[in-house]
Every structure is written in structure tokens, then in C-alpha cells.
Amino acid sequence: MKNQLKGFLWIGLGVSLLLALFLSPFASSSPDGLEKVAEHHGFAEKGEGWTLWQYAPFRDYTLPWIENKKLSTAIAGATGVFAIFLIAVGFATCLKKGKVR
Amino acid sequence: MHIPDGFLSHGLNAATFVVSAGACAYGVKKVNQKFGEKEVPLMGVTAAFVFAAQMLNFPVAGGTSGHFLGAVFSSVLLGPWAGLIIMTLVLVVQCLGFADGGLTALGSNIFNMGVVGALGGYIIFWFLYRLSGRSQKGFFVALPVASWFSVVLGATAAALELAISGTSPLVIALPAMAGIHAIIGVGEAIITTTAVSLILKTRPDLVSCFHKRTAPSGLAQEGGVS
Numbered sequence: 001m002k003n004q005l006k007g008f009l010w011i012g013l014g015v016s017l018l019l020a021l022f023l024s025p026f027a028s029s030s031p032d033g034l035e036k037v038a039e040h041h042g043f044a045e046k047g048e049g050w051t052l053w054q055y056a057p058f059r060d061y062t063l064p065w066i067e068n069k070k071l072s073t074a075i076a077g078a079t080g081v082f083a084i085f086l087i088a089v090g091f092a093t094c095l096k097k098g099k100v101r
Numbered sequence: 001m002h003i004p005d006g007f008l009s010h011g012l013n014a015a016t017f018v019v020s021a022g023a024c025a026y027g028v029k030k031v032n033q034k035f036g037e038k039e040v041p042l043m044g045v046t047a048a049f050v051f052a053a054q055m056l057n058f059p060v061a062g063g064t065s066g067h068f069l070g071a072v073f074s075s076v077l078l079g080p081w082a083g084l085i086i087m088t089l090v091l092v093v094q095c096l097g098f099a100d101g102g103l104t105a106l107g108s109n110i111f112n113m114g115v116v117g118a119l120g121g122y123i124i125f126w127f128l129y130r131l132s133g134r135s136q137k138g139f140f141v142a143l144p145v146a147s148w149f150s151v152v153l154g155a156t157a158a159a160l161e162l163a164i165s166g167t168s169p170l171v172i173a174l175p176a177m178a179g180i181h182a183i184i185g186v187g188e189a190i191i192t193t194t195a196v197s198l199i200l201k202t203r204p205d206l207v208s209c210f211h212k213r214t215a216p217s218g219l220a221q222e223g224g225v226s
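Read top to bottom, the protein sequences are chains A and B. Taken in order, the first sequence gives residues 1 to 101; the numbers are from our numbering. Taken in order, the second sequence gives residues 1 to 226; the numbers are from our numbering.
Hints listed in this document are in silico derivations from the structure and should not be mistaken for laboratory results. None of these values were measured; they are calculated from a predicted model. Even for Gly, the Cβ is constructed at its ideal location relative to N, Cα and C. Just so you know, not all the hints are guaranteed correct.
Derived PhoX-like pairs (lysine-lysine); straight-line CA-CA distance at most 20 Å [as the list claims (entries may be wrong)]:
| id | chain 1 | residue 1 | chain 2 | residue 2 |
| --- | --- | --- | --- | --- |
| 1 | B | K201 | B | K137 |
| 2 | B | K29 | A | K96 |
| 3 | A | K6 | B | K38 |
| 4 | A | K96 | B | K34 |
| 5 | B | K38 | A | K96 |
| 6 | A | K6 | A | K70 |
| 7 | A | K6 | B | K201 |
Rough simulated footprint, nothing fancy, chain A against chain B, three-plus residues with beta-carbon under 8 Å [unchecked claim]:
| id | stretch |
| --- | --- |
| 8 | 32-43 |
| 9 | 61-71 |
| 10 | 85-93 |
| 11 | 96-102 |
| 12 | 165-178 |
Working from the sequences, and respecting the hints, build out all of it.
If you want it as C-alpha cells, here you go:
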């Protein structure tokens with residue numbers, strides 16, 4: 001049972017990594033629903049004036065120092081998948097531990 | 001649907017932040033009562049999958065793209081409160097790590113995609129699933145319908161926020177946002193249903209909402225939004 005779960009989780013994580021590494025570089029780069037509406041109805045520039053948080057390491061899912069855009073997206077995506085996995089597991093572990101009260 | 005800085009007024013962002021933070025705090029409490037050994041790694045994988053799948057923009061009508069949201073997917077797998085927390089974690093990482101969605105609009109983004117998407121989507125799912133007498137057929141009707149609504153209602157909430165902030169009048173923002181997301185929602189429904197079916201085929205016990213049907217008693221009510 002436990003081993004089966006482990007197997008399933010590795011598959012889930014593996015699929016996520018493959019998506020980030022090999023599919024995300026080829027994702028559509030057209031504006032998304034909100035961006036399109038903003039462009040169309042003339043309020044897009046409102047979102048371009050400033051950003052409060054300027055230290056995002058992977059701005060727009062790229063690494064600025066890697067020239068190849070596809071490679072850059074793949075690396076940013078895979079790093080993100082690992083990061084969110086570790087953060088979520090860490091968070092869930094804290095939640096579970098809190099159970100013993 | 002990630003709202004950048006500058007679109008919404010600070011007052012509105014503060015209000016949605018309070019609502020979202022309150023919902024998350026209550027969610028943490030609920031999840032805390034429920035989570036066991038199995039759910040911890042499952043939450044990690046679900047969050048990782050949602051993040052990866054959100055990167056895959058697919059083209060929709062007229063030079064626009066859309067991507068998977070994963071709110072109903074997470075809620076159906078792990079329960080609505082865990083779904084809200086997964087969406088929140090993903091949105092925080094996207095905002096701070098990838099400059100996707102503004103930090104000032106974080107509360108609004110969590111509200112639209114977590115509170116409305118994950119909790120609201122789950123309520124629709126739960127209602128339809130119960131209406132069907134928790135049949136397998138009912139599950140596969142409730143799942144795509146709720147997924148579609150999670151995207152469209154999230155977009156509707158975003159349109160309302162734009163209107164309240166004076167960025168775009170409601171008569172323009174609402175049909176535009178709901179219209180384009182009605183198409184994106186079809187993609188959401190297809191991806192959610194496919195992914196959940198695949199998991200049901202291999203590990204039905206990991207889909208908490210589906211499992212409840214065969215759960216002996218009492219516990220079945222716990223995951224519901226009350």
C-alpha cells in the first residue's frame with residue numbers, strides 16, 4: 001500500500017516535471033483572457049506602471065541570463081515544480097503535525 | 001486570470017486580502033483536523049502538477065490563450081479547504097517567484113481563483129454530485145460542469161473587481177471576461193475530467209470526493225462545505 005502510493009506520487013511528480021520541461025516552452029505565448037480584455041478595452045497600460053515586488057527570480061517564467069528562450073522557460077518551470085512541491089509538502093507536514101494537540 | 005499590480009484599487013485589494021486570509025486561516029484549521037500520512041505528499045504532488053499545468057497556455061479564439069486553473073481538480077482530490085490552500089501556495093509562488101500576478105493584487109487573485117474557484121467550484125460540484133445520488137455518472141457530470149463554472153465565476157469576480165476599482169465599467173468588463181473564460185472553461189473541464197479519470201483508474205482512493213461514496217458512514221459529511 002505504502003509503496004504503491006510512493007510509486008503513484010513519483011509518477012505524478014514526474015509528469016509535472018515533464019510538462020514543465022518539455023511542454024511549457026511550446027505553450028502559447030498569446031495574451032491570456034485578462035490581458036486580452038485589458039488590451040482590447042484600453043486599460044492594459046495600468047498594469048505596466050509599477051510592480052511592488054521586483055525581486056522575482058524567474059520573471060515571466062524565464063531566466064534573464066539564458067539566451068535560448070525555450071531552455072530558459074524549461075529550467076524556470078522545472079525549478080518552480082520542485083520549489084512548489086517542497087513548499088507544499090513542508091506546509092502540509094506542519095499542518096499534519098499540528099494534529100497532535 | 002492573474003491580475004497584475006495597478007489594475008485594482010488598494011482598498012479593494014485590502015478587502016479581498018482580508019477575506020482570502022480569513023478563508024485560508026479557516027482552511028488551515030479544517031485541513032489540520034483531516035490530514036494524515038497520505039495527504040502530505042499528495043498535497044505536494046497536486047500543487048506541483050497544478051503549477052506545471054498552469055504554464056501550458058493553449059490558444060483559444062482570436063489570438064488569446066488560456067491555461068488550466070486546477071481549483072476544482074485540487075478540491076475534488078483533497079477536499080475544498082486543501083484545494084484553497086493549494087491554490088494559495090501556487091499563487092504565492094507565482095507572484096513572488098515568477099512575477100505572475102501582482103503582490104498588491106495577491107488577495108484578489110486568491111479570492112478569484114481560491115475562494116471562488118476552489119471553494120465555489122467545489123460547492124457546485126458537491127451540489128450536483130449529491131443531486132445525482134452520488135452515482136458514477138453523476139460524478140462525471142458534476143466534475144466538468146463545476147470546472148467550467150470555477151473558471152467563469154473566477155473571471156466574473158475579476159470583472160467585478162475591475163469595475164469596483166473603476167478600471168473598466170462592468171458592462172464592458174463582465175461580458176468580455178466571462179465570454180473569453182467561457183471558452184477557456186471548456187479546456188478546464190476537459191483537462192480536469194481527464195486527469196481525475198486517470199487517477200480514478202489507477203488509485204481511486206486518492207480522490208477524496210469519489211471515495212466518500214463507498215465510505216461506510218459519518219465521515220462522508222466532513223469534507224462538505226458547511
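Going down the list of hints, with the structure as the test:
1. B:K201 x B:K137: Holds, at about 15 Å.
2. B:K29 x A:K96: Measuring from Cα to Cα gives roughly 11 Å; hence the hint holds.
3. A:K6 x B:K38: 10 Å, holds
4. A:K96 x B:K34: Distance of about 8 Å is within 20 Å: holds.
5. B:K38 x A:K96: Given pair K38 (chain B), K96 (chain A) holds - Cα atoms ~10 Å apart, limit 20 Å.
6. A:K6 x A:K70: Roughly 31 Å separates the two Cα atoms, so the pair is violated.
7. A:K6 x B:K201: 17 Å, holds
8. 32-43: holds (count 11)
9. 61-71: holds (count 6)
10. 85-93: holds (count 5)
11. 96-102: holds (count 6)
12. 165-178: It holds: at least three residues are needed, and the stretch 165-178 of chain B offers 6 whose Cβ sits within less than 8 Å of chain A.
Hint 6 from the list above is the single one not met by this structure.
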